[in-house]
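Colleague: Could you build the full structure based on these sequences and the hints that come with them?
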Amino acid sequence: MKLSTYNQRLLTIEKRTRRFMLGAVGVMLLVLLMIAIQQDYFHRSTTIYFFTPNAQGLSKGMAVKFVGFKVGSVQDVSMQPNATVRVKVALDDEYVHLIGQDAKARLIKEALVGESVVEIIPGSQQVKQVTHNSVLAFERGQDASTVVENLAAQLQPILGDIHQITSSINNPNGDVQQTLKNLNQATGAFRETVHQFTQLGASSNQKLDGAYGKFDKALDRVNSSLETLDKSIPKLVEKADSTLGNVQSATSDIKKMTSESATEVPALVRNANALVQDGQDTLGGVRKSWLLNGLFPQPEEQALPVDGYVPPKTLP
Amino acid sequence: MMEASLIVRPVIVLLCTLLLLSACGHVEEMRSARQEQATEFNQRAQRAFQRGEYQTAAALYQNALQLDVAIENVNGIAVNTLNLARVSQVMGQPALAQSYLDSLLKDQALHYAPAHLAAAAVQSSLLSLQQDDEAGAGKWVEQAAAYCASDCTLGGVIDNARASIALHANDADTALHWSERGASENRNASPLEYANSLRLAASAKLLKNDADAALHLAEEALAVDKSMGLPEKIRQDLLLAAQAHEKLGHAEQAAQCRDRAGRIAAASVK
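Heads up: the sequence lines are chains A and B, in that order. With the first sequence counted from 1, adding 8 to any position gets you this note's numbering. With the second sequence counted from 1, adding 295 to any position gets you this note's numbering.
Rather than coming from a laboratory, the hints here were simulated on the basis of the structure.
Taking lysine-lysine and the PhoX-like style, the derived pairs with C-alpha atoms no more than 25 Å apart in a straight line are:
no.: 1; chain 1: A; residue 1: Lys225; chain 2: A; residue 2: Lys239
no.: 2; chain 1: A; residue 1: Lys222; chain 2: A; residue 2: Lys189
no.: 3; chain 1: B; residue 1: Lys434; chain 2: A; residue 2: Lys321
no.: 4; chain 1: A; residue 1: Lys68; chain 2: A; residue 2: Lys112
no.: 5; chain 1: B; residue 1: Lys503; chain 2: A; residue 2: Lys321
no.: 6; chain 1: A; residue 1: Lys189; chain 2: A; residue 2: Lys243
no.: 7; chain 1: A; residue 1: Lys73; chain 2: A; residue 2: Lys112
no.: 8; chain 1: A; residue 1: Lys73; chain 2: A; residue 2: Lys117
no.: 9; chain 1: A; residue 1: Lys321; chain 2: B; residue 2: Lys542
no.: 10; chain 1: A; residue 1: Lys112; chain 2: A; residue 2: Lys264
no.: 11; chain 1: A; residue 1: Lys264; chain 2: A; residue 2: Lys73
no.: 12; chain 1: A; residue 1: Lys321; chain 2: B; residue 2: Lys521
Modeller: Shown next as structure tokens:
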């Protein structure tokens, strides 16, 4: 081979290598650019803070939403020397003018199941908008477990009241039992009096005075029983009223909870179904791809093995 | 050297392209949703059968068969009909099992694979033998052998069926011949049939008053059946071992084997 041809080939190789290197550097730069865009390095944002007694449910990277739109993210969650937690939030500049200084940050769960987000509750429009390093008030929203806890707390006194009423009814020295006993005695005495009165009427008018006396006594006892009943009934009615009130408030809570979750649950189920379907489709696609289909043979209908043994007659 | 590399490179590129094209051109066999459903029923039935849930297995095989009939999947019809016959036999319904087998063996409209017909014929033979119909059993086993010409994996089963028929007729030599042939065919093919061959050989040896050899065979069959976890087979192995012990004069060991077999029977697990 001639030296000039050899040199020419070397030059060609060098040229190609240079092109390849330039291409590789270009691709690397493109990837870096895409990462930077993904990480919001070209996005202008305003940093604000809020403080909370504990960091439960808060984490770096968590979405910050305003009227349902993502307007920023949690940049940092750090503990302060006084054992409070400082949360640093980066808000997109284009939304900052919508958030007033009196806005609140609230930690909520968007669905029954899923990650929590920080929701910005708008303040009044007149107040000045948040600026760099502004501090917002923070509160925790109620999640499903808190609602259930509240519900349980409200149900407890109701159960207590019901228990008290039933024990009061069952107590032999209680108002209800005593009233019933008195009534029983009174009716017994009244029956006896009527009997005597009949006898007296038939035999003699002399004993009529005594009978009247007994009759009076019996009526007195009936009166006293009715008085006791009068006293105890308002108490019972009062207790029943408070119980019904508690039941009503519990029912309204339950109704509220179910109406809140009514829109979310079907969507959740639909999403889960779609997710499973997607997973199945993906797996099906992977199984059918020519690189992997050898690893997943299609299942076939299988025959049971024939058992070629019949025990001889000598075996029981 | 330079020229050689100039030729080799395009050839390699061409080969790679062809390989890639052939791989992409591979067409996956398309199966209908109903056929996939039938396969699913069949697989669920297999699992139910292995767990001893025969009623469930029968219902699932019925579902699979119904779908296969609807889409005229001949292989599926044969497989699920054979499976239904087997389940019915295990459930103690020989008449029903025979009717399933007859539906395959006497079908004039559909043409089943010879392997499936051989399986149906050998099952018919074993059913006939269970009902002490030695002539019928002999006829069907010959039919099975005729179907089982090439590509047939039922040779060992047919040998065992022949050994069973010979044992029924108290023909120890013939039984031993077929069972030993079955054992050599089944040794690496099917543990179930290998244990069957050993058990049949043990019975033949007992008939020939060779209790020592019978005991060894029964113990080997017992080990195989235990490894597969088949209670009824384990019970039969133990009863055979008890007979062998009795012939050897080991009354105590014979009683122990019978006691063990009794406990397995009491467990009522098929």
